[in-house]
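Starting from the structure of chain A, add chain C where the hints point.
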Amino acid sequence: MANIKWTTADPKGVLTGAHYLDGNHAACEGALAAGCRFAAGYPITPSTEVVERFASRIPEVGGVFIQMEDEIASSIALQGAVWAGLKAMTVTSGPGFSLMMEHIGLAAMTETPCVFVNVQRGGPSTGTPTLPAQADMMQARWGSHGDYEIIAVSPSSPQECFDFIIDAFNLAEIYRVPVMFMMDECVGHMTEKVIIPEPEKIKVVERRWTDKKPGEYLPFEPDDDLVPNMVKAGDGYRIHVTGLTHDERGYPAATDVTVHNKLVRRLCDKIYKNAHKIWKWEEMDTDGAEIVVMSYGISARVALRGIEMARERGVKVGLLRLIVVWPLPEPRIREIADKVKAIVVPELNVRAQVAREIERVVAGRCPVIPVGHAGAGVHDPNDIYNAIMEALK
Amino acid sequence: MSVTTYRENPVEQFLRTDRMPHIWCPGCGIGTSVNCFARAVLECGIPLDKLAIVSGIGCTGRVAGYLRLDSFHTTHGRAIPFATGLKLANPELSVVVYSGDGDLAAIGGNHLIHAARRNMDIKVICVNNFNYGMTGGQVAPTTHFGRLATTTPYGSPEIPFNLPHLVASCGAVFVARWTTYHVVQLQRSMVKALKKKGFAFIEVLAPCPTLYMRRNRLGSSVDMMKLFKEKSVVKHGIDTKEVAITNYEDPIIVGEFVDTERPTWLDNYNEIMKKRLGDKYVPWGVNNG
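Quick note, the sequences are listed as chains A and C, same order. This note's numbering applies: residue 1 is where the first sequence begins, and numbers increase by one. This note's numbering applies: residue 1001 is where the second sequence begins, and numbers increase by one.
Pulled out of the complex, with its shape left as it was, chain A reads as follows (with noise of 0.2 Å):
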């Protein structure tokens, strides 16, 4: 049986009541009721508020802030920490995003439990630094280089920055894995009420320690989930952690063909073959709908008003709501796609970063149509609307 245990917030972080809080803030209380006690980071608009939230409250909560010289550095040091035994997140957004890339790699290869915060904006490059996009989907998800998989979280309220980074947290200590909470500028600046339970309330998961003994232990030999347990520096295992092609014991092999394939395949498939314990979505009015509206963040909050004008003239449409998008729900997608006239897909991306990985998974069973926008801005749910009635047709 895999070292799962489950138990409660530690109450040092949680600042149990109902709040008034920006998204940015909401995910770093969210964070330290998880349990996160080290973060790095390096100033970029619009995300810098979750580190200095941080940088305030973890002298108190017991733990440590440093902001680094840069990204690059901020998104490896937390990766020591993690390893030194702490919960640890970074915080960024595009270009620091895009610096980031290797160590999401590095964390992947060396299933190190983590949590990236991105509050996106617009881009490429330098782009609309205090304007919303989720155009870094993609990024997120294959933006190392290398065969990898992550998990991807995205919030479409300050609540849900609370709530939902923490399920980030729990889900990189299950699965090991670099989880990307995926918000943008106009959630993470979004001010709403916040309600932050009791800490006894509050599920955490602690870190899969391991049972075994120095000696019999193999750093990287999977329990039966396909996850290996941990351990922490300074505990008497003397573990070997590289970036490199290892076996079980944390070997390099990097000229191994045969380690590297069973590696990588399982890096992915402790993903795959666990994405159904992973997926999280929301439905509205999804039963007999002609149309469905999938989408996510801040953009799924946006098709509500041009859902509600379809409804008003009588059109049967319904929402999914990713809030886990990768792993995507695909066979929840494709039993809808089986239903449907046609799946609509706003998001703030030109490129139909989601939208096309649902066209993939509907494979033809229904038309899937992307209403792309380049961000800087929301929808206007006159499009969303629009783009249901021509869906119809």
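Treat the hints with care, since some could be wrong.
What the hints assert, rightly or not - Once the Cα atoms are required to be at most 25 Å apart in a straight line, the calculated DMTMM-like pairs of lysine to aspartate or glutamate come out as:
| no. | chain 1 | residue 1 | chain 2 | residue 2 |
| --- | --- | --- | --- | --- |
| 1 | A | Lys213 | C | Asp1049 |
| 2 | C | Lys1280 | A | Asp10 |
| 3 | A | Lys339 | A | Glu282 |
| 4 | A | Lys262 | A | Asp225 |
| 5 | A | Lys212 | A | Glu248 |
| 6 | C | Lys1275 | A | Glu52 |
| 7 | A | Lys212 | A | Asp224 |
| 8 | A | Lys273 | A | Asp247 |
| 9 | A | Lys12 | C | Glu1271 |
| 10 | A | Lys232 | C | Asp1267 |
| 11 | A | Lys232 | C | Glu1092 |
| 12 | A | Lys212 | C | Asp1018 |
| 13 | C | Lys1274 | A | Glu60 |
| 14 | C | Lys1274 | A | Glu52 |
| 15 | C | Lys1274 | A | Glu49 |
Everything labelled a hint here was simulated from the structure, so no lab data went into it.
Just chain C now, with coordinates in the frame of chain A:
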């Protein structure tokens, strides 16, 4: 019948012998430095379970993988920020970064200067073999002026870094340089560095016979050891401005250049928090284990 008695090499306990033979070329200086390091660890008595070693990428980047310690072979140039996270998250650990000149001073140069500036409590051992060995002998920020490398086939037009001066000017509290000829001195400085609180830096000049020396017709490793012996001048405490090695023919100034005290990043962090937050603040890494 004669009886051969066998005594285990005292450094064997530090080595992942199941990973031998190592990848380093005959005549390479990295192994010599590792031998000194293992003996230094033995001498200074740090509990081995509380000692972690972090490397970047390259020939010296492989050191972490051969030491029977908690060892992390990270990405190119980023051993120092990884070590920073490791140390801050568990200040009980002794954290050593062991990497090469290209890794630490070129791609990782930004991290090197900031860790020195912060007086982060990590020890950095930089094996300088004057070129990129793993990738086949390219020019490094340490290559002697005018010397050949695969990417400077007509000679390097760049003035190399004076690494001790670089880190000293950023605030490192212990800075030394030795060559692989100076094994006793190197081991002694490593012991001092391991015991030192704060950012300690040791540059180890080492031969790369396969690439740098052969391409530049500098002879064998033995010739370089002779050069190290003949050209080295020990000058403890000398101003690090004076220790640049620009040309192969220059005298090589070795010794312990800096040995001073100042609060580490964590000392300052704890002090400032205590001052501002009073009893609400429990100093981090003092009694939190």
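Holds or violated: Lys213/A to Asp1049/C, with C-alpha atoms at most 25 Å apart: holds, 14 Å
Does the alpha-carbon distance linking Lys232/A and Asp1267/C stay inside the 25 Å limit? Between Lys232/A and Asp1267/C the Cα gap is close to 24 Å, so the pair holds against 25 Å.
Starting from Lys262/A, check that the Cα of Asp225/A is at most 25 Å away, please. With a Cα-Cα distance of about 15 Å, the restraint between Lys262/A and Asp225/A holds, given a limit of 25 Å.
Given the hint that Lys212/A pairs with Glu248/A, test it: the Cα-Cα distance must not exceed 25 Å. holds, 14 Å
For a C-alpha distance cap of 25 Å, please report whether Lys212/A and Asp1018/C respect it. Measuring from Cα to Cα gives roughly 21 Å; hence the hint holds.
Mind checking the alpha carbons of Lys1274/C and Glu52/A for me, to see if they're no more than 25 Å apart? Judged against 25 Å, a Cα distance of about 19 Å means the pair holds.
Is the hinted pair Lys339/A and Glu282/A satisfied, with a Cα-Cα distance of at most 25 Å? holds, 18 Å
Is Lys1275/C close enough to Glu52/A, meaning Cα to Cα at most 25 Å? Measuring from Cα to Cα gives roughly 20 Å; hence the hint holds.
Is Lys232/A close enough to Glu1092/C, meaning Cα to Cα at most 25 Å? holds, 13 Å
What's the verdict on Lys12/A and Glu1271/C, does the C-alpha distance respect the 25 Å limit or exceed it? holds, 21 Å
Are Lys1274/C and Glu49/A close enough, with their CA atoms no more than 25 Å apart? Distance ~24 Å between Lys1274/C and Glu49/A Cα, so the pair holds.
Given the hinted pair Lys1280/C and Asp10/A, is their Cα-Cα distance within 25 Å? holds, 17 Å
In this structure, none of the earlier numbered hints is contradicted; all agree with it.
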